[in-house]
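Trainee: Residue numbers (the UniProt record's numbering), protein chains in the order written: chain G, 1 to 258; chain L, 1 to 258; chain D, 1 to 258; chain R, 1 to 258.
In case anyone wonders, no lab produced these hints; they're calculated from the structure.
Treat the hints with care, as some may be off.
Said to hold, decoys possible - Facing chain G, according to a computed beta carbon distance under 8 Å, are these residues of chain L, among others:
#1 223
#2 237
#3 242
The beta-carbon is built from N, C-alpha and C at its ideal position, and this holds for glycine as well.
Protein chains: 4
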Amino acid sequence: MHSDVLTIGDRTFQSRLLLGTGKFASNDIMRQSIEASNTEVVTVALRRVDLDAPQDDMLNHINGDSILLLPNTAGARDADEAVRLARFARNAGCPSWVKLEVTPDPRYLLPDPLETYKAAKVLIADGFHVLPYINADPVLCKHLEELGCATVMPLGSPIGSNKGIKTRENLRIIIEQAQVPVVVDAGLGAPSHAAEAMEMGADAVLVNTAIAVARHPVAMARAFAKATEAGREAFLAGLGGSSDIANASSPLKGLMWE
Amino acid sequence: MHSDVLTIGDRTFQSRLLLGTGKFASNDIMRQSIEASNTEVVTVALRRVDLDAPQDDMLNHINGDSILLLPNTAGARDADEAVRLARFARNAGCPSWVKLEVTPDPRYLLPDPLETYKAAKVLIADGFHVLPYINADPVLCKHLEELGCATVMPLGSPIGSNKGIKTRENLRIIIEQAQVPVVVDAGLGAPSHAAEAMEMGADAVLVNTAIAVARHPVAMARAFAKATEAGREAFLAGLGGSSDIANASSPLKGLMWE
Amino acid sequence: MHSDVLTIGDRTFQSRLLLGTGKFASNDIMRQSIEASNTEVVTVALRRVDLDAPQDDMLNHINGDSILLLPNTAGARDADEAVRLARFARNAGCPSWVKLEVTPDPRYLLPDPLETYKAAKVLIADGFHVLPYINADPVLCKHLEELGCATVMPLGSPIGSNKGIKTRENLRIIIEQAQVPVVVDAGLGAPSHAAEAMEMGADAVLVNTAIAVARHPVAMARAFAKATEAGREAFLAGLGGSSDIANASSPLKGLMWE
Amino acid sequence: MHSDVLTIGDRTFQSRLLLGTGKFASNDIMRQSIEASNTEVVTVALRRVDLDAPQDDMLNHINGDSILLLPNTAGARDADEAVRLARFARNAGCPSWVKLEVTPDPRYLLPDPLETYKAAKVLIADGFHVLPYINADPVLCKHLEELGCATVMPLGSPIGSNKGIKTRENLRIIIEQAQVPVVVDAGLGAPSHAAEAMEMGADAVLVNTAIAVARHPVAMARAFAKATEAGREAFLAGLGGSSDIANASSPLKGLMWE
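Work the whole structure out from these sequences, hints included.
Mentor: Structure representation (structure tokens):
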């Protein structure tokens, strides 16, 4: 299974766990959690990056050689804001990759399908690798894929809710139809959620809150890493279906003295 | 976390994944799966053991030095049959441990609370370590614990159904109240199910069908091992609760140019 | 469908909604709720009945001619207490029907399978019609049925939790196997829960908390009555199965101008 | 509660159950089902209406005086097709109401958020009352509402799947935020599903397949009518929340002889 790599755009990755960097108690805990997770893609809110004083910045705590820094547009309320943020970052030296988040409503931070599509179109034309955060909407996923997005990133449940995968029906269809990697993003609150997404055939998962706010973030990062691997391996090993009647683990041939 | 051991009776275990041995395509695949799973407890149906010709037996494929062979009474339809099976095995040289299964109905193989209790009473008086397979019934668990059972083994869903944990409400209560290890047994059909049981605070899980009938049993055994560890580590690392409103992964302080 | 009656013991009922009488804000609201629900079986905790001063009692608020008063043994912690309560009531003039509840643990009030079985045996021998409140345990249900119980009353979820049906897997099996009426009891917190139980093929449901503590108990009683009927009628009308692919409501023959 | 009416656009309705007309075995069964359902809004696929020969048409089987005939654009694969269908129908004498369905993928018939938005914009400018069928996407719902749509119609699960409400998380948010009626459309396969949608606070539900393909469609229509009413009444009567610990239905004051 050493050849099971994840390819996004022109890059390949061994790890299928992407990490967000919000909410960590300190940069040091963040750095240790990143290491424990074995992640190769770390997403960073552009608003939190001090592009003028990089030496003081959290970015210094992330090893940019082995890890892809994926700027995100968290906080953008419409396409214009998202596009401005992405360009601003590239001008300051960031790579031309962007996790596109457009969330008009601060209460639930759910993605805007229309504005996300609009921003993706502009940014792709502009040479960006675009990874859009979206609702688990199969038709929208096809549109974004046709536009040239590098992945689709449907949500499991609202950001930070820790509710796990509440969009199974649509997620199943998205995975069946997608020609680009499907990264389940948002709502994954426990390693079992990450494992389940991978077992369903998702290509990767993105986790942030569940690790950052755990009592022991570093241990939790390790747990998510193992669960993501477990889910992927189970998917490749071929899970059985479920059954309504019992299947005896041991053949029922009658007892020994019969 | 090196000191996180599972204690059952007078024995301690590093691994929290117990394995059943039914349904494997060959003894060789079974042996490899056992190795890949890192399990230290393997359960074997007494009816399938040829106690008279041990040299030909599947038991030879299991390393009895590092692994506890746990005979089970699969196929017993009432307390008498279960007690006879357990004693028969001990007379033939098996250890005085028994996974107690009493299942009158071959269609669903669900456990009998009354006959299981009766058999447990006799076998405990007889010096056995008894690990009873039961419904996720909190009051029955307390009775069995008070009787002296070494564990309780509530089911997640019917044997071989692969449906995962369908008994969450009662399982949560059982785990909260138990003074002996809680081993979730039956129905765990995917690594995510094992992880979830461990995240809930179960002490261990037992898996058989999902590994034995996977397309690649050995890889699936490895996946279950990782998921079980992930779930345990997440439990120890302190999972956060779920929330009905969004929690921005990145603090929403307004955009950069604001 | 006028001939679709529920038969328990030697009595027949048009309504399939049984009502509990705890927690109502007043006897008057209770009486109105009973009327609105169209119920024909009302269960009353023996401990709350003042058998010496019946004229002051809540029982006066229930029309005993059209409604079966079903005493329950709520609060009994073992078989002996339950048997004493039931006999005490009959001696005071109650009918020889009893809803058998044995709940050793006051925190979750979950039923005790061993003590319930023991009490049922004694009370049936004593001439009682016994309706036992139990976990959704298919094998226990068969034992109680064989003992002569008038119904089995598996729980949907813990009493008063309002969580609905969390025992679907086992409930499905119980309904498939039962030869006596299956009454889903406890945990039904909304009319949709009652409808679901009936759609699954349950013979009746018992509701108390969800009605008694609603903002408007009388309206809620009416809502449960309609939902119970709806679920029953749907069961008889033959529900379709679910499907993983879409089924166009309208045949897709191409558009009008094609 | 006689004043609890549903208002859509400039019309008011007593019934909150909308009916689709596809898949009925005959026009006669359809007509009887419509009557049994008490519906006041019936949706008809424009493609199935023979606008040139109305006397032979299924429309004759629907009482247009008491029932709003709501043409739908089922089969439209993009905005242009949907707009053409709607205009075509109005030119032929249909009212200027339209249930807007844009479904590019015939396998799952899931709605297209971008094309639906585009079509809604055109049709609203054109004077139509637009009721769009969409994914359970809260941000899209707000956009459509701001555009002037008469309702939003988020799906419970894919059309014809009978899976019920698999979009609870988003549906809850949509209902909380909507200023226009929320009609849960698609996937409702049993009366309990309709009741649940109403209990959550949806303003109405639309059902087709579950009634049309039932063994007894007329009885099933009646069952859905009752369940929809039950769910609405329960919503108005104030459902209690759920609880993790038991709430004794009967106060636990100790037994009678204590």
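Trainee: Okay, which hints does this one fail, numbers in order?
Mentor: Of the numbered hints given earlier, the structure breaks none, since each of them holds.
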